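Could you put together the complete structure from these sequences and hints?
Same order as they appear, the protein sequences are chains A and B.
Heads up, the first sequence is in the numbering used here, so the first residue is 33 and it goes up one at a time.
Heads up, the second sequence is in the numbering used here, so the first residue is 33 and it goes up one at a time.
Since the hints were derived computationally from the structure, they do not count as laboratory data.
On a predicted model such as this, the values are computed, not experimentally measured, just so you know.
Where hints are given, some of them may not hold.
Pairs count within a copy or across copies, as identical chains cannot be separated in the list.
Stated by the list, open to error - Result set (DSSO-like, lysine-lysine): computed pairs, CA atoms no more than 30 Å apart in a straight line:
hint	residue 1	residue 2
1	132	492
2	546	65
3	132	340
4	119	132
5	271	258
6	432	418
7	339	432
8	340	432
9	492	65
10	492	418
11	119	546
12	248	258
13	298	65
14	395	258
15	395	340
16	276	248
17	528	248
There are 2 protein chains.
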Amino acid sequence: MSTDSGSRIVVIGGVACGPKAAARAGRRDPNAKITIIERGPYVSYAGCGLPYFVGGTVPELNGLMTTTYGAVRDAAYFSAVKAVDLKLRTEALSIDRQAKTVRVRNLEDDREEDIPYDKLVVATGAEAWSPPIQGLDLDRVLSLHVPPDAVRMRELVEGGEVDHAVIIGAGRTGLETAEALFGQAVDVTIVELADQMLPTTLDADMACLLASLLPKDAAAIRTGEKVLRLEGADGVVTKVVTDKGEIECDMVLMAVGVRPNVGLAKAAGLEIGATGAIAVDDHCRTSDPDVYAGGDCAECLHRLTGKKVFAPLGSTANRHGRVIGDNLTGGDEVFPGVVGTGILKVLGINVAGTGLTETAARKEGYDVIACIAPSQDHAHYYPGAKSFVPKLVADAKTGKLLGGQFVGRGDVAKRADVLATAITFGATLRDVANLDLAYAPPFSTAIDALATAANVARNKQAGIARSISPADLRAIMDRGEPVVVLDVRERREVEKHPIGNGDAISIPLSELRKRVTELPVDKPVFCLCPRAVRAYEASVILRDAGLTQTRFVEGGMHLWSCAGDEIEG
Amino acid sequence: MSTDSGSRIVVIGGVACGPKAAARAGRRDPNAKITIIERGPYVSYAGCGLPYFVGGTVPELNGLMTTTYGAVRDAAYFSAVKAVDLKLRTEALSIDRQAKTVRVRNLEDDREEDIPYDKLVVATGAEAWSPPIQGLDLDRVLSLHVPPDAVRMRELVEGGEVDHAVIIGAGRTGLETAEALFGQAVDVTIVELADQMLPTTLDADMACLLASLLPKDAAAIRTGEKVLRLEGADGVVTKVVTDKGEIECDMVLMAVGVRPNVGLAKAAGLEIGATGAIAVDDHCRTSDPDVYAGGDCAECLHRLTGKKVFAPLGSTANRHGRVIGDNLTGGDEVFPGVVGTGILKVLGINVAGTGLTETAARKEGYDVIACIAPSQDHAHYYPGAKSFVPKLVADAKTGKLLGGQFVGRGDVAKRADVLATAITFGATLRDVANLDLAYAPPFSTAIDALATAANVARNKQAGIARSISPADLRAIMDRGEPVVVLDVRERREVEKHPIGNGDAISIPLSELRKRVTELPVDKPVFCLCPRAVRAYEASVILRDAGLTQTRFVEGGMHLWSCAGDEIEG
Chain A
33 MSTDSGSRIV VIGGVACGPK AAARAGRRDP NAKITIIERG PYVSYAGCGL PYFVGGTVPE
93 LNGLMTTTYG AVRDAAYFSA VKAVDLKLRT EALSIDRQAK TVRVRNLEDD REEDIPYDKL
153 VVATGAEAWS PPIQGLDLDR VLSLHVPPDA VRMRELVEGG EVDHAVIIGA GRTGLETAEA
213 LFGQAVDVTI VELADQMLPT TLDADMACLL ASLLPKDAAA IRTGEKVLRL EGADGVVTKV
273 VTDKGEIECD MVLMAVGVRP NVGLAKAAGL EIGATGAIAV DDHCRTSDPD VYAGGDCAEC
333 LHRLTGKKVF APLGSTANRH GRVIGDNLTG GDEVFPGVVG TGILKVLGIN VAGTGLTETA
393 ARKEGYDVIA CIAPSQDHAH YYPGAKSFVP KLVADAKTGK LLGGQFVGRG DVAKRADVLA
453 TAITFGATLR DVANLDLAYA PPFSTAIDAL ATAANVARNK QAGIARSISP ADLRAIMDRG
513 EPVVVLDVRE RREVEKHPIG NGDAISIPLS ELRKRVTELP VDKPVFCLCP RAVRAYEASV
573 ILRDAGLTQT RFVEGGMHLW SCAGDEIEG
Chain B
33 MSTDSGSRIV VIGGVACGPK AAARAGRRDP NAKITIIERG PYVSYAGCGL PYFVGGTVPE
93 LNGLMTTTYG AVRDAAYFSA VKAVDLKLRT EALSIDRQAK TVRVRNLEDD REEDIPYDKL
153 VVATGAEAWS PPIQGLDLDR VLSLHVPPDA VRMRELVEGG EVDHAVIIGA GRTGLETAEA
213 LFGQAVDVTI VELADQMLPT TLDADMACLL ASLLPKDAAA IRTGEKVLRL EGADGVVTKV
273 VTDKGEIECD MVLMAVGVRP NVGLAKAAGL EIGATGAIAV DDHCRTSDPD VYAGGDCAEC
333 LHRLTGKKVF APLGSTANRH GRVIGDNLTG GDEVFPGVVG TGILKVLGIN VAGTGLTETA
393 ARKEGYDVIA CIAPSQDHAH YYPGAKSFVP KLVADAKTGK LLGGQFVGRG DVAKRADVLA
453 TAITFGATLR DVANLDLAYA PPFSTAIDAL ATAANVARNK QAGIARSISP ADLRAIMDRG
513 EPVVVLDVRE RREVEKHPIG NGDAISIPLS ELRKRVTELP VDKPVFCLCP RAVRAYEASV
573 ILRDAGLTQT RFVEGGMHLW SCAGDEIEG
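Dropping the structure here:
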């Protein structure tokens with residue numbers, strides 16, 4: 033069909049993977065004729081930035097589509113810089129794998145044509161998914177997946193038309209948008225079907241910690257609540273009806289999740305994986321060797337479990353794009369998979385996770401050792417040190433790391449990235465404890481929080497550190513079993529922030545060795561302090577004094593407070 | 033000598049490794065009788081925090097000796113909490129390995145005694161080292177290694193007695209103290225014998241970048257200058273005399289380096305390594321199986337080279353301490369070594385390094401591929417994004433990472449830690465490019481700077497990215513060879529910040545494909561832009577247009593400017 037000598041590469045989808053694959057292929061093969069087909073009016077935009085446009089942190093939508101030097105990535109840019117033919121507002125209707133053509137329709141003038149390819153890239157992305165409930169067609173029921181969604185939401189909010197928004201789904205999009213709307217003086221209620229926020233990223237204990245850290249006035253979070261239907265008046269949404277009540281509102285964000293856009297691939301007979309995303313091999317090749325797929329429409333190998341997963345992320349899509357760009361142009365590049373790393377900021381709290389949660393690891397059949405060890409992100413005497421809580425999950429048999437979660441105001445990103453790297457290489461707790469990480473007071477503690485957490489986990493394994501989870505202790509107390517909660521903080525700390533229920537005995541760690549006899553020998557003693565460092569020390573002192581039922585409350589008051597007990601102040 | 037059943041553990045040295053070993057041993061073995069012998073009046077202090085006390089960032093010296101909850105780590109604390117007998121102001125005079133005793137002198141009353149041990153830990157640390165020059169005995173010639181040094185320096189500075197300080201040595205202590213003194217309104221001159229700052233952490237190109245980023249008014253930095261002697265008046269230092277001139281001053285900080293305190297170990301016949309530090313095996317055991325050594329007085333295995341190194345760091349000392357604490361009490365714990373990670377903040381610029389520098393790697397015999405790829409620490413459209421420049425060093429044959437350096441205002445700590453982790457596990461450039469790092473706009477770019485740098489290095493290896501270093505281009509131009517420097521920035525950028533020498537041709541990247549013919553075909557064209565992203569793209573366009581001698585200037589204007597050319601504004 034073409035008399036040109038260069039290979040014809042057609043890319044369907046212009047957000048992340050597609051443009052990356054196109055640009056990379058173009059740099060490697062100057063003779064390639066490259067076309068990108070994109071249904072929408074925008075290309076190569078930062079989809080992850082949409083909540084920040086809604087909140088006004090990113091003032092102009094263009095901000096999400098510009099290079100670092102301010103050039104807007106539009107058709108002219110792709111033509112001039114990348115020599116790529118970018119067809120915007122053009123929908124791919126079907127793929128004819130025999131004829132090797134893509135049928136497209138220009139959405140401006142409705143004209144159709146067949147575009148021939150030698151190699152095809154399917155990068156059709158994902159789309160917001162909603163459960164089949166009544167009222168989704170009401171006005172002001174939005175999703176936040178493409179730029180027009182964000183434009184509409186910001187218009188409503190800045191137009192003063194939204195007093196109260198309901199966000200359905202406490203995943204990343206829901207929480208980031210909650211922050212954006214709070215910043216715009218909108219009251220927010222989040223409704224989540226699961227019993228916790230971020231159920232795929234966090235275990236229940238860490239989600240509970242997150243809930244306790246979020247500013248109380250910023251958003252009402254209702255977990256374990258099922259949305260039944262949306263109701264409206266004059267075609268505009270006015271109410272969310274759940275199995276527990278009704279919530280008046282004037283805007284609803286559906287943020288339940290996304291699903292891969294595989295219609296085109298499926299119709300073309302390309303193999304779809306069990307995850308529902310397009311099946312690809314380790315070269316990002318589909319079941320047709322001339323067709324590649326990447327980004328949110330394709331499945332990924334999980335490097336820990338060896339299973340295929342649907343893990344849509346802009347960062348992964350970009351890596352796919354590069355691998356595809358290489359393989360389109362004679363390369364032999366492998367995409368080794370993901371370990372499930374994610375991060376978000378919500379209302380001043382940073383949340384990150386990598387690998388498997390404890391729940392997921394147990395489901396995978398692992399015998400798990402987990403540990404929670406609150407810490408600070410740099411030396412406490414250097415200004416600006418902030419707290420955060422890491423949770424590590426490892427295989428109890430081998431000590432091999434399976435995952436980590438991080439919640440707090442402190443720098444969680446660094447630890448998540450280090451752990452993601454360690455997990456990639458099959459590191460054990462011992463390996464992490466001995467990493468040669470960068471230490472100076474403005475950046476870290478002499479023993480970094482990650483190493484401390486790994487050591488606590490090892491101490492637990494070795495039986496030196498004997499802990500109880502706040503939830504387990506709470507359950508024992510709720511059953512009315514006799515226990516002693518021993519608050520080992522210093523007097524001035526106890527005076528400033530007494531433990532709410534008044535049941536705790538207070539003996540400062542510094543006096544404990546001398547005052548051990550004040551404790552009953554017939555009840556288990558559970559030692560408590562803010563970060564569990566002193567409580568651990570106290571539990572060792574009591575163990576040595578013969579109080580063998582002693583344990584420390586893991587996660588300290590950071591976690592104890594969200595397990596139900598109030599710490600005042 | 034003792035009738036107690038518990039093992040007698042004696043620890044010489046009370047700063048980092050010693051107390052850690054003692055505390056760990058005590059938690060593992062409640063019957064152990066543990067004694068720490070410390071010459072000075074302080075124990076378990078954060079030596080790395082001393083410059084921040086000098087600068088007033090840490091208001092009280094106690095701040096460096098308190099736990100996170102405000103308890104001062106003194107003898108009472110060690111006794112009450114750790115059940116450790118801490119003997120301050122007690123000097124270890126000699127070790128009798130036959131009798132298994134340590135001869136000590138109480139520096140308060142000069143009384144001597146023999147302390148028996150079953151197991152001994154030598155954690156005698158390091159001391160500031162000075163070259164043998166005249167005038168070291170003058171008043172106000174200080175080092176900054178122990179708390180009294182810092183107290184004295186701060187007294188002088190806050191007493192208004194220091195207008196101009198000279199810091200001899202542009203290593204970590206020198207640079208951190210320069211920041212501290214600048215903050216105290218003291219004029220600072222740094223004199224460094226080597227041709228660059230931080231010669232063991234940075235290559236010359238990165239040190240040049242650092243020099244260009246430091247605020248011009250904060251410190252005069254004189255590299256490649258040898259101090260010949262110090263001169264004084266009335267016993268007080270007034271002048272530093274170098275091979276290039278004289279510098280008037282009223283205080284001198286000797287910050288040339290430290291050397292291990294091995295006198296005691298040597299006299300006791302313990303093996304000293306080629307590094308000058310105490311030789312230890314992978315269990316931190318010395319040549320005497322009942323004697324352990326750790327912290328700044330002991331040598332470490334470098335995990336990359338397999339060689340022993342002297343790498344004194346508080347973070348390493350703490351890891352040593354834990355390993356020793358285990359092995360003292362029946363454990364079988366290995367210290368696997370270091371990869372040479374370090375970090376510091378100097379005058380608002382963050383500097384980190386891990387693994388080998390390019391220079392060191394070449395000395396080790398590696399065929400090296402290196403790459404410099406300026407980046408930003410998070411999405412440019414999210415507020416607060418800051419620049420930094422990573423340099424990666426890898427084995428050209430295998431792609432195995434050998435080291436990395438990071439300089440800039442941005443978050444270098446995260447990347448240094450990820451790279452240190454990757455190096456520990458033998459990662460290649462390809463591995464780093466495919467790491468599943470945490471991405472959200474406030475924390476990272478969709479493709480993290482580390483992955484970008486790894487990909488640039490791979491592109492260089494593959495011949496796709498053809499670059500020239502600023503230094504090499506400068507040399508070519510200095511020889512008067514005909515070249516074209518092509519500035520590919522957009523017009524508004526060029527107008528705002530013209531390149532100083534006026535020789536560059538300006539064709540914006542967006543116009544380059546159409547204007548290729550404006551370039552001479554007979555001269556090599558060197559493409560330049562701020563971060564080398566566009567310049568790389570431009571070099572590909574010119575290559576495809578037949579200008580085969582084209583290269584891009586690696587490191588972009590970030591590095592070009594410090595190679596001698598001024599960029600205005």
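Do the hints match the structure? See the list:
1. 132 <-> 492: neither (60 Å within a copy, 34 Å between copies)
2. 546 <-> 65: between (82 Å within a copy, 18 Å between copies)
3. 132 <-> 340: within (28 Å within a copy, 61 Å between copies)
4. 119 <-> 132: within (18 Å within a copy, 83 Å between copies)
5. 271 <-> 258: Answer is within; shortest intra-copy Cα gap is 14 Å, inter-copy 78 Å.
6. 432 <-> 418: within (28 Å within a copy, 35 Å between copies)
7. 339 <-> 432: both (18 Å within a copy, 28 Å between copies)
8. 340 <-> 432: both (21 Å within a copy, 28 Å between copies)
9. 492 <-> 65: Between. Shortest inter-copy distance 24 Å satisfies the 30 Å Cα cut-off; intra-copy 60 Å does not.
10. 492 <-> 418: within (26 Å within a copy, 40 Å between copies)
11. 119 <-> 546: Classified as between; 21 Å across copies, 79 Å inside a copy.
12. 248 <-> 258: within (22 Å within a copy, 61 Å between copies)
13. 298 <-> 65: Intra 26 Å, inter 72 Å, cutoff 30 Å: intra-copy only.
14. 395 <-> 258: Answer is within: at 24 Å inside a copy they meet the 30 Å cutoff, but 65 Å across does not.
15. 395 <-> 340: Within one copy only: 16 Å inside a chain, 44 Å across chains, cut-off 30 Å.
16. 276 <-> 248: within (21 Å within a copy, 64 Å between copies)
17. 528 <-> 248: Classified as within: same-chain Cα gap 21 Å, cross-chain 47 Å, threshold 30 Å.
Consistency note: the structure conflicts with earlier hint 1 alone.
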